[in-house]
Amino acid sequence: MATQTATFPAAAPASAGVLLPAFTLWWREVVRFYRQRARVVGVIASPLLFWVVIGSGFGTSFRSGQAAGQQHYLNYFYPGTLVMIVLFTAIFTMMSVIEDRNEGFLLSVLVAPVPRAAIVLGKVLGGTTLATAQGLIFLVFAPLVGVHFTLASFGLIVLTVFLVSFALTALGFAIAWPMDSTQAFHAIINLFLIPLWLLSGALFPLSGASGWIRWLMYANPLTYGVEALRTLMYPEAPSAFSLTASLLTLVLFALFMFGLAFALANRRTTKPAA
Amino acid sequence: MNLNSTAIDVVPSAQAAGQPTIAVRDIVHRYQDRTALNGVSFDVRPAELFGLLGPNGSGKTTLFRILSTLMVPTSGSAMIAGFDAVRQPEAVRRHIGVVFQAQSVDPKLTAYENLWHQGHLYGLRGPELKTRINVILSRVGLLDRSADRVETFSGGMQRRIELAKGLLHHPEVLLLDEPTTGLDPGARRDLWQYLQILRDQERVSVIVTTHLMEEAERCDRLAILNEGNLVALGTPAALTREIGGDVILLEARDPQILAGRIRAKFQVDATVMDNHVRLEIENGHRFVPDVVEAFPGEIQSLSVSKPTLEDVFIHRTGHRFWSEDAEPAPKSGRKKGNK
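So the sequence lines, in the order shown, correspond to chains S and U.
Number 217 in this note's numbering belongs to position 194 of the first sequence; there are no gaps in the numbering.
Number 92 in this note's numbering belongs to position 29 of the second sequence; there are no gaps in the numbering.
Heads up, some of the hints might be wrong.
Said to hold, decoys possible - Residues of chain U placed beyond 10 Å of chain S at every Cβ, according to the derived structure:
#: 1; residue: P152
#: 2; residue: F163
#: 3; residue: L172
#: 4; residue: E176
Claimed, not checked - Which residues of chain U face chain S? A few of them, derived with a C-beta cut under 10 Å, are:
#: 5; residue: E153
#: 6; residue: R157
#: 7; residue: Q164
#: 8; residue: Y185
#: 9; residue: S217
#: 10; residue: L275
#: 11; residue: P299
#: 12; residue: M336
To be verified - Computed, partial: chain U to chain S, Cβ under 7 Å:
#: 13; residue: L184
#: 14; residue: N346
#: 15; residue: H348
These are calculated hints, taken from the structure and not from any lab test.
The beta carbon of each residue, even a glycine, is placed where N, CA and C say it ideally should be.
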């Protein structure tokens with residue numbers, strides 16, 4: 024091939040690398056988001072709604088929760104709610120993979136000289152940004168459930184939310200990539216999302232679970248996200264794992280999910296599904 | 064190469080060497096149960112406007128996807144600008160611009176933003192990218208709409224942005240899949256004129272798939288596909304010339320019987336198609352009185368015409384262009400596996 028390669032020296036533009044295409048795909052994801060009013064409203068309003076519903080339903084409980092020596096359930100529930108918000112936003116942003124494929128936008132990216140890693144990275148970071156932002160918006164309500172941050176704990180909370188968002192967005196990408204209909208995506212996601220969240224320690228603690236349920240919870244990577252957040256928000260409450268162990272598990276989870284998404288996107292097929 | 068130059072100043076050395084820009088060799092593509100391409104070979108020369116003509120299901124979309132590196136063929140090879148589309152997809156991608164039938168521009172972005180995004184995918188950035196975007200936008204006549212979102216554009220304008228996207232990185236080869244789908248006749252004409260300008264002024268090799276005869280006639284050379292086979296290859300003029308003479312269509316009460324009797328009496332190859340007797344003959348105007356005299360009262364109507372590309376298709380395949388699948392191509396959206 025050497026002679027043929029030498030035939031076209033000047034004509035070939037330099038390879039785009041990974042970062043520039045990844046940046047531009049991330050940028051598009053974010054711009055598309057804030058140009059669709061309904062999505063912006065949803066992101067701001069849904070945590071607010073969550074808080075208002077809980078707040079009015081258990082109105083007086085807020086005060087008694089803080090006063091009591093042991094942790095009130097609403098305080099317990101707060102990190103789980105945060106993870107739920109992140110979970111839904113992260114995975115559902117990757118519905119855009121299916122839309123891009125159906126519209127033909129994805130085709131034009133696939134025929135560009137862009138490494139598949141850049142495509143996965145750009146899309147996943149786009150979704151991660153949106154999910155993290157939404158998670159952070161929910162943190163505004165943290166003082167109302169008795170959570171007070173130090174600079175360090177706030178930084179680590181942001182890191183945890185980012186890791187959870189990244190891993191779940193990558194999971195969403197991996198699920199969306201082979202699909203061609205958003206309905207099928209919804210069906211699979213519901214199959215995944217609800218058990219993933221229910222068994223994450225968001226609703227009931229690990230210590231309260233029995234037998235096989237507890238093992239499922241140990242195997243669920245989301246458990247470590249909820250645990251990490253809980254440890255950071257309520258340092259005095261008992262926790263099943265150390266913060267380091269939780270964060271490391273989340274890093275591994277994120278890397279594994281990204282690897283999976285990349286492996287799926289990197290297949291070249293003889294089938295027409297691009 | 065002067066990066067700030069506004070003209071496309073890349074003349075690949077292969078053009079000077081007279082090598083084909085695209086060399087397709089024995090491409091076979093099978094889906095599970097069906098052979099979409101059955102050993103197709105042809106060359107596309109530098110600065111040529113090359114058409115892939117075929118009805119739906121002929122394999123032209125499969126071929127288009129292989130050439131644009133989206134799919135790997137079952138066997139065979141395609142060299143594009145000196146690179147192997149199967150083994151060196153990244154290199155091929157740098158040299159080709161692709162315009163899909165489905166819309167690939169993002170309607171939520173402005174025309175400028177779409178091209179900015181596209182440029183980044185090709186490693187372009189900064190002032191050079193900015194210059195290129197403005198040049199290409201003015202060339203497709205959309206510079207004044209640069210800051211408007213694409214969702215506000217008409218169909219013809221969206222096609223022009225698609226074209227601008229495909230040309231932003233100055234490819235040597237432009238691949239277009241049914242580019243005039245959904246366009247009104249005026250916009251169609253504009254697009255074809257622009258493709259001819261690209262070929263003449265920028266020396267780009269343009270490959271267009273189409274199922275429209277009148278578009279195929281505007282190509283320099285054509286490959287006609289039918290059921291995965293290359294049934295004809297050449298200039299439209301040469302292909303129609305090869306039929307020799309005229310095409311005569313006769314309407315009769317019983318075309319089968321009439322065709323048999325014409326074959327027996329005149330030793331010509333008369334066939335029945337769509338309840339008409341069809342034959343190709345030189346000096347058709349002289350044959351007409353003879354055949355009417357020979358079978359008085361049996362012929363209800365008769366037409367003599369110069370052969371068209373559709374006649375070439377019939378001549379090579381023995382059936383009409385739309386006989387199997389009379390549906391027009393879908394307007395947009397993803398094409399499913401059997402295309």
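For each hint, the structure was consulted:
no.	hint	result
1	P152	7 Å, violated
2	F163	5 Å, violated
3	L172	7 Å, violated
4	E176	7 Å, violated
5	E153	5 Å, holds
6	R157	5 Å, holds
7	Q164	8 Å, holds
8	Y185	6 Å, holds
9	S217	18 Å, violated
10	L275	21 Å, violated
11	P299	28 Å, violated
12	M336	32 Å, violated
13	L184	4 Å, holds
14	N346	48 Å, violated
15	H348	49 Å, violated
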